[in-house]
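Student: Please put together the full structure from these sequences, using the hints given.
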Amino acid sequence: MPTTTPSPTYAPPPSTGLSLSVGQVEAGLGHRASVLTLTNRDSGPRKVTGYPDLKLLDATGAVVEVKVEHGTSYFARDLGPQDVTLKPGEKVVAVLAWSATVTTGDKHTGAAISVVPVPGEPAQKQPLDTDLGTTDSVTVSSWATGIGT
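Sequential numbering from 1 applies to the sequence shown in full-length UniProt numbering.
It is worth saying that the hints were derived from the structure and are not from the lab. Please note that a few of the clues may not be correct.
[Claimed, not checked] Computed list of lysine-lysine pairs in DSBU-like fashion (alpha-carbon distance at most 30 Å, straight line): (1) Lys67 with Lys91; (2) Lys55 with Lys67; (3) Lys47 with Lys125; (4) Lys87 with Lys55; (5) Lys125 with Lys55; (6) Lys125 with Lys91; (7) Lys125 with Lys107; (8) Lys91 with Lys47; (9) Lys107 with Lys67; (10) Lys47 with Lys87; (11) Lys55 with Lys107; (12) Lys67 with Lys47; (13) Lys91 with Lys55; (14) Lys125 with Lys67; (15) Lys87 with Lys125.
[To be verified] FRET-style restraints, in silico, Cβ to Cβ: (16) Gly44 with Asp136: 39 to 47 Å; (17) Asp83 with Thr109: 29 to 37 Å; (18) Arg77 with Gln24: 15 to 23 Å; (19) Gly89 with Val63: 29 to 37 Å; (20) Ser43 with Lys67: 36 to 44 Å; (21) His31 with Ala59: 19 to 27 Å.
For glycine and all other residues, C-beta sits at the position ideal for the given N, C-alpha and C.
Tutor: Next comes the structure, spelled out in structure tokens:
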């Protein structure tokens, strides 16, 4: 009987502060992407700026060594770093994208991501299956009030 590696489980999003949610993986022509949504659950405004500080994790929770680039991807145009003040309940999004291209070498995968939404905030971990092929890199757009196209 084959053994399976259990999927990592993480705490639910916080009921206060900045709360991260991760969208389903979209695919097209060997490219993959997921929309990261950050919601202000505080009672007052919160400032969000720049890019999410992101790490990929394997099924054991260890960091997967990949290059994290900031910019435009196949799925979304990067609007560049912005200062956004979120009122309670408001959201910003960023798009995490990668290629599943396989050339030479070992294929790599991730089972989750760890995101520090803004400097000084704690990391939030969410499950996200990433099939990186052999590219060993991901691209993330800046936090923005809408997704650039």
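Student: Lys67 and Lys91 were given as a pair; does the straight-line alpha-carbon distance stay at or below 30 Å?
Tutor: Between Lys67 and Lys91 the Cα gap is close to 27 Å, so the pair holds against 30 Å.
Student: Taking only the CA atoms, is the gap from Lys55 to Lys107 under or equal to 30 Å?
Tutor: Roughly 18 Å between the alpha carbons, so the hint for Lys55 and Lys107 holds.
Student: Do the alpha carbons of Lys125 and Lys107 lie within 30 Å of each other, as the hint requires?
Tutor: holds (23 Å)
Student: Taking the CB of Asp83 and the CB of Thr109, does the distance hold inside 29 to 37 Å?
Tutor: holds (35 Å)
Student: Given the hint that Lys125 pairs with Lys55, does the C-alpha gap stay at or below 30 Å?
Tutor: holds (9 Å)
Student: Between the alpha carbons of Lys47 and Lys87, is the straight-line distance 30 Å or under?
Tutor: holds (9 Å)
Student: Is the hinted range of 36 to 44 Å satisfied by the C-beta distance from Ser43 to Lys67?
Tutor: Taking Cβ atoms as reference, Ser43 and Lys67 lie about 38 Å apart, which means the hint holds.
Student: I want to verify a distance hint. Is the separation of the beta carbons of His31 and Ala59 within 19 to 27 Å?
Tutor: holds (23 Å)
Student: So the hint says 15 to 23 Å: do the beta-carbon atoms of Arg77 and Gln24 match that?
Tutor: Since Arg77 and Gln24 have Cβ atoms about 21 Å apart, the given range 15 to 23 Å holds.
Student: Is it true that the CA of Lys91 sits at most 30 Å from the CA of Lys47?
Tutor: holds (11 Å)
Student: Would you check the hint for Lys125 and Lys67, treating anything up to 30 Å between C-alpha atoms as holding?
Tutor: holds (18 Å)
Student: Between Lys87 and Lys55, is the straight-line Cα distance small enough, at 30 Å or below?
Tutor: Cα-Cα ~27 Å, so holds.
Checked against the numbered hints given earlier, this structure breaks none of them.
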